[in-house]
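Student: Residues per chain, in single letters:
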Amino acid sequence: MTGTAAVLGALSVLALAAGPGLAGLVQTAKARLQGRRGADPLQPYRDLRRLWRRSVVDPEGTGAAYRTAPAVIAAVTAAAVLMVPLGADAPRWPFLGADALLVVGLLATARMAGAVSAWDTSAAFGMMGAARDLAYAVSGEALLLGTLLVAALPAGTTDLRGLWAAAAQAETWRTPAHWAGLLAVALVVLVETGRQPIDNPDTHLELTMIHEGPLLEYAGRDLAMLTWVAGARHWIVMGLAAGVFLPHPSGAAAGAVVTVAWLPVLAAATALAESSQAKMRLGRAPRLLASGAVLTLLGAVAWAFGAGL
Amino acid sequence: MAGIERVGADAWRDRVARGNVAGLHAAIGPDGTPEVRAVLAGETPRLLAVAAPGGVVPTLVDLLPAGWDEREAADLYGLRFEGHDPHRALVHHPDDRDLWATPVVGSDVHTVPVGPVHAGVIESGHFLFHVVGERVLHVDARLFHKHRGLERHAEGRSPEDAGRVLSRVCAGCAVTNAVAYAAATEDALGRVPGEGTRRVRTLLIELERMWNHLNDVSQICAGVGLAPGTMLFATLKERVQRVCALLTGHRFMFDAVTLASAPGDPGDAAREAMRAELAAVAADAATAARGLLFDTSLRDRTSGPGRIDADAVRELGVVGPAARAAGVAADSRTDAPRLWYPGFAAVVPPTPAGDVAARLEARWVELEQAAGIVGELLSAPLRPDAPADTGTGTGHGVGIAESPRGRTVCTVEIRGGTVRRVHLRTGSYANWPAVAVAGTRAILPDFPLVNKSFELCYACVDR
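As given, the protein sequences belong to chains A and B, one line each in that order. Quick note on numbering: the first sequence equals residues 1 to 309 in my numbering. Quick note on numbering: the second sequence equals residues 1 to 463 in my numbering.
No lab work stands behind these hints: they were computed from the structure. Glycine is no exception: its CB is placed at the ideal position from the N, C-alpha and C atoms. Any given hint could turn out to be false.
[Said to hold, decoys possible] Beta-carbon label-pair distances, calculated as ranges:
# : chain 1 : residue 1 : chain 2 : residue 2 : range
1 : A       : R284      : B       : R290      : 22 to 32 Å
2 : B       : R152      : A       : V138      : 53 to 63 Å
3 : B       : V121      : A       : V257      : 38 to 48 Å
4 : B       : D95       : A       : P59       : 17 to 27 Å
5 : A       : V57       : B       : R290      : 32 to 42 Å
6 : B       : G133      : A       : T68       : 21 to 31 Å
7 : A       : H204      : B       : G32       : 45 to 55 Å
[Claimed, not checked] Non-contacting residues of chain B with respect to chain A, defined by C-beta distances greater than 10 Å in every case (computed):
#  : residue
8  : R6
9  : D31
10 : G42
11 : P65
12 : R80
13 : D85
14 : D98
15 : D108
16 : R142
17 : G149
18 : G196
19 : P445
Just chain B, same shape as in the assembly (with noise of 0.2 Å):
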């Protein structure tokens, strides 16, 4: 069981920058008034908790990457994080553009502001650039433009109940948020899931993974316009959903990982039939990432652009990917308790430079070995644990799994059988702020190229 740890304003700041801090979000404490927690990374994340006096906590902003989880905290729950100067706001849109974006002066800055509303089918967001000329002096993106209050529509439910609501965040990681939501409220309850239960999980986490990154390689492709390598890797990304859909019933398999169940065992002919499938889409997501390699007018839009390198990573708290692209082998897979990752190491691409190839190749990289887990945990008869009363309990837990866009962090708060508070930090959420970053200094036309290669989810800040 996670816990939760109070301490008091004076020892914050220490306390926080001694540990590895997963996120940071509000909740009303046990006196009612609201309060600041944040997930402590490690062999068992914990829970650190302030209270927020007169509304005021002191902020953490120039310790750690807490930028959007403090003005997120702000905005909804009326906090103010003393030395976070000025706060900015991120889920509130007030017209004064000031009150919102970075003032830039200058006699030739243009502003070109993009969206919400965009030509193509897009999810809304918003995207104010300053350019001199073609080149981006800065970047302030305005999302959140579809607030649905799903965190606060789970709470009061039973925790099977909040964990259906919690898993339509987004399509895009529906079983990775389902499974970081399962693996915090069973550690608040204090339960262990079996060996079979876990090894479902993490295939159907890997499963997610190589239609994601299979999607990604296309819409990077689709962003430069190669329509070869758009075509190809969308039929890959397909047949891999159509197996999803085989074996759980749903294409982007919602509802497959629950509190109480996993999908069980299709019969020996199916599993094998699956697993000769996925072993087929990855060889040939491995010939076409080749060709891919040697197209000169692709390799020439993809290097260069959209650099964020090892240091920013750290700065800006990128994950996943994205990270492992600048050459950061960070991943939540290699301390995966609650998962089935024997012997797992991180990878990164062969040239980690951090740009959108770096970011292309990382794709390539991790397809392999989602692939390669995948054929394995596919060898076998899926056993998972018979279905277990989520009974009553009371207790904070976190989970943490790694998205196909890094690194999600789940925490929930039980009492007597009730969901009081949970919150999802996922890797889109995590990796927003670097893409702002990453578009600085890029040439206009280049942005939209550098935001498809590392292709966050909108609906992921929705929430």
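The following block holds chain A by itself, in its conformation from the complex (with noise of 0.2 Å):
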């Protein structure tokens, strides 16, 4: 292992700690945005430190799905997190690698393993929110496919140290197939991190949740856990946008953190695009996913034209 390779390896395991920051971040700049003081980015440690020293409780009659999705769950998204790519040299971990479908499959096992525990509590708000949330995966993981496929034709791998490197030629960002992808890409932040106008994260309306129904269910070091999962999944998609998507220079330090840099400013927006608009009718959102998702096909056939196959 390089030098190089040592430290953005050290990186990526310093992000497992950053992602509630990020989404505190979101947090803060939703406040000001509204005209609410609101608490600092900070606030979900706090959260976290109060839930981690809470005892947990079992709702009676579940079985081993309820108790252990919390720690696969929360497993699977740091494996995720560690994979987000800050570098062409970043290491390639072992067991994991670093192809892009990889972290494809460990959000979706993320997402089976919250739905099999909501079946196995057969609460309804935890069975309705899971319902909702697969019923949005078909088409917001067709969408998340089909972005990461932009970036790899263009690039001709599925490597995400290879994405990266690509993101910092100036020959990507003429193919127009990289510019759908950054188009849908932004759609994939708001789905993945469950904002406006898919899901709410706010909201104490059962009867509307999707991400936060089966949280429901959830008490002490198990909620704390998911908590952090939540925080950790905007690490994941933000640092796939910044790293696949956005410019960043091709140098090692430079480009880590313009690549870090860039996460800020995602929060920044989404936080805007929350507070801008009112969350859509459920069954209206997988039409905007699925739109999304032909955006990406459209970039791929650009991408197949040019390149004169």
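Mind assembling these two chains? They're in different frames, but the hints should get you there.
Tutor: Set out below in structure tokens:
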């Protein structure tokens, strides 16, 4: 392992702790945009400390799926955080590698574990939220795959480090595919972080919940893990958007700094998107996601013609 | 004086069917046994009563929207309404679901029970949804979780003391409840307030309407997560409540209207400052409302769900902005001799489709109207009648006032200077059954929005 790889690897490990702060930044920016004082971006860490000290309660009649879900979801999410590309020389993690498709699989595994846990409790809100999450995933995962596809075609690889290097090349920015992917990844950020207009993370209205529904059953340390996961997902999708689609220098040090510097910008943009519109009616969001997926297909077709295939 | 007319069980249904009934309640009659009383609205509201020999009274549910009234009377007074079958508990909360909810059967029907404890700070209400997928087949609402016995608490007190109890039924319509009670008591005692008092009471009711409507718009925006609308209208509501505090010493105007008194004039300069501030709020609200009108993300959510059309309004006895949003121009302010509404005409929104969007628009047009009335009443000094002794009297009285949620009816029975029975039927109470109906056929995640478009009060039934 080279020195650069060691530094970038250490940065990825630090990123495990940074996710909640990114979510906190969205909350703070939202509060300011809405004329409220709001909590500072470190509030999620205080919440995590509070939850971590509390005991865990199991609903009657639940089994292994419910009990293990928070740990499983946290583990696969942690793996996905490590894979977020911060440079072309980032380490190739043992067992994980650096393939973009694995990130899709890890996110899907987390989603599935959450849904199975909701099924285990059979509680109405959890089942309802999980069902909606899975329904959205049909078009949401197509969108995510399509987005990675239009990044992978010009780069000629699905290795995330290769995708990161490609985004640093001026040539990549001349392909329409990359621009289509850039537009589509904005939708990916909104759907995977559970933000408006797709979902509302701050709602107290149980009947409208998607991601929050299954969380209602958890308490204490379990809830702390799932709250951390919600923050870490911000790092994963915003990191993917910055590393694979946003411009950054090709040098290792400057590239990593610029990639990370994009994240607060994306957090602010998310806060702006969330503060300026109402949540979409359920059933309308999949169409938006599907149109994003179609956009990536158009990008792929444009690339195919440009490449002279 | 309203007086009370007692009819036999054979004439009861016939007499009630010919009148304009504004609510039923049970009471203990002069012979010490329960009787059922109906308020007949009109130029001079009257009371009609029927004795319940053996606790049995003919039902009225096939004639008028009295389902909740009869279920409440049955639960609280042990009456049985002949023909109202099956009786489903309303105030009582039996464990067996079949005793209070409508049975729904089907292979793909799921039940989603919500509340009474919610994820947010909301009053206690339980809603039982029967759904197929996301589509709502039927909703059963179970309220009355915090029955406080306020009516019973008011009984046996002097009219002045009982008024203090009644005005605390709910903070949202504290003034309307106090005014309806004062009107009922004065009706029972054969008094008519002077013009000065009528003007002050009207001013306070319209101020209450202003802050409530601003709050309702804010809540509807919160229901769809539209932050700009939520925050803007919450700010405007606060500005009105600060004027309320300046004028009456209380943001919710508790105890501002009593039998004996009403707030006096704050002085020309202060009154003019209040008038200017409220006019500025109304102008800001109109600007903000135009912004919301052209917000497609909001329009997309509000158009369509929770439709209650004009026929349903009449069938369910819907009152207030919810009725006017369906094009039914009914408003108890058009005929309010005990208040000050010269030349008043009810307004309906431009597109009275009866859905969430129409109820939102109804708030805007009524805000403008209320701001106009408030501005006019604040242009002249406030000169309420000198404090009067309520004295000792005997009689029955009815008071009707239009709360921000619709017609509020108060009935009082006074004997020898003591309140013997008092009953308060608020606009919220009248409209709750319609919320459950409006939620039917909506998709489940739209129900909170439909509910917020009525923005009814739980405390009004927990009285």
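Student: Each hint: holds or not?
Tutor: Each hint tested on the structure:
At roughly 25 Å, the beta-carbon separation of R284 (chain A) and R290 (chain B) lies within the given 22 to 32 Å, and the hint holds. For R152 (chain B) and V138 (chain A), the Cβ-Cβ distance of about 57 Å falls inside the hinted range of 53 to 63 Å, so the restraint holds. Hint check: V121 (chain B) to V257 (chain A), Cβ distance near 43 Å, so the stated range 38 to 48 Å holds. A beta carbon spacing of about 20 Å between D95 (chain B) and P59 (chain A) agrees with the range 17 to 27 Å that was offered as a hint.
Roughly 49 Å separates the CB atoms of V57 (chain A) and R290 (chain B), a value that falls outside the hinted 32 to 42 Å. For the pair G133 (chain B) and T68 (chain A), the beta carbons lie near 29 Å from each other, so the given range of 21 to 31 Å is met. For H204 (chain A) and G32 (chain B), the hinted distance range of 45 to 55 Å is satisfied, since their beta carbons lie about 49 Å from each other. For R6 (chain B), the condition that its CB be more than 10 Å from all CB atoms of chain A holds, with the nearest at approximately 47 Å.
With a cut of 10 Å on Cβ distances, D31 (chain B) stays outside the contact zone with chain A, its closest approach being about 49 Å. Non-interface status of G42 (chain B) relative to chain A is upheld: no Cβ of that chain comes within 10 Å, the nearest being about 41 Å off. The beta carbon of P65 (chain B) is kept farther than 10 Å from every beta carbon of chain A, the shortest such distance being approximately 27 Å. The Cβ of R80 (chain B) lies farther than 10 Å from every Cβ of chain A, with a closest approach of about 35 Å, so its non-interface assignment holds.
Remark: the non-interface label on D85 (chain B) is consistent with the geometry, its nearest Cβ contact in chain A lying 31 Å away (cut-off 10 Å). Distance check on D98 (chain B): its Cβ is at least 19 Å (rounded) from any Cβ of chain A, clearing the 10 Å threshold; non-interface status holds. A cut-off of 10 Å between C-beta atoms confirms that D108 (chain B) is not in contact with chain A; the least separation is 13 Å. Every beta carbon of chain A lies more than 10 Å from that of R142 (chain B), the smallest distance being close to 16 Å; the non-interface claim holds.
At the 10 Å boundary, the C-beta of G149 (chain B) stays outside the reach of chain A, the nearest C-beta of that chain being 30 Å off. Even its closest Cβ contact with chain A, about 40 Å, leaves G196 (chain B) beyond 10 Å, as expected for a residue assigned away from the interface. Remark: the non-interface label on P445 (chain B) conflicts with the geometry, its nearest Cβ contact in chain A lying 4 Å away (cut-off 10 Å).
This entry does not satisfy hints 5, 19, going by the numbered hints stated previously.
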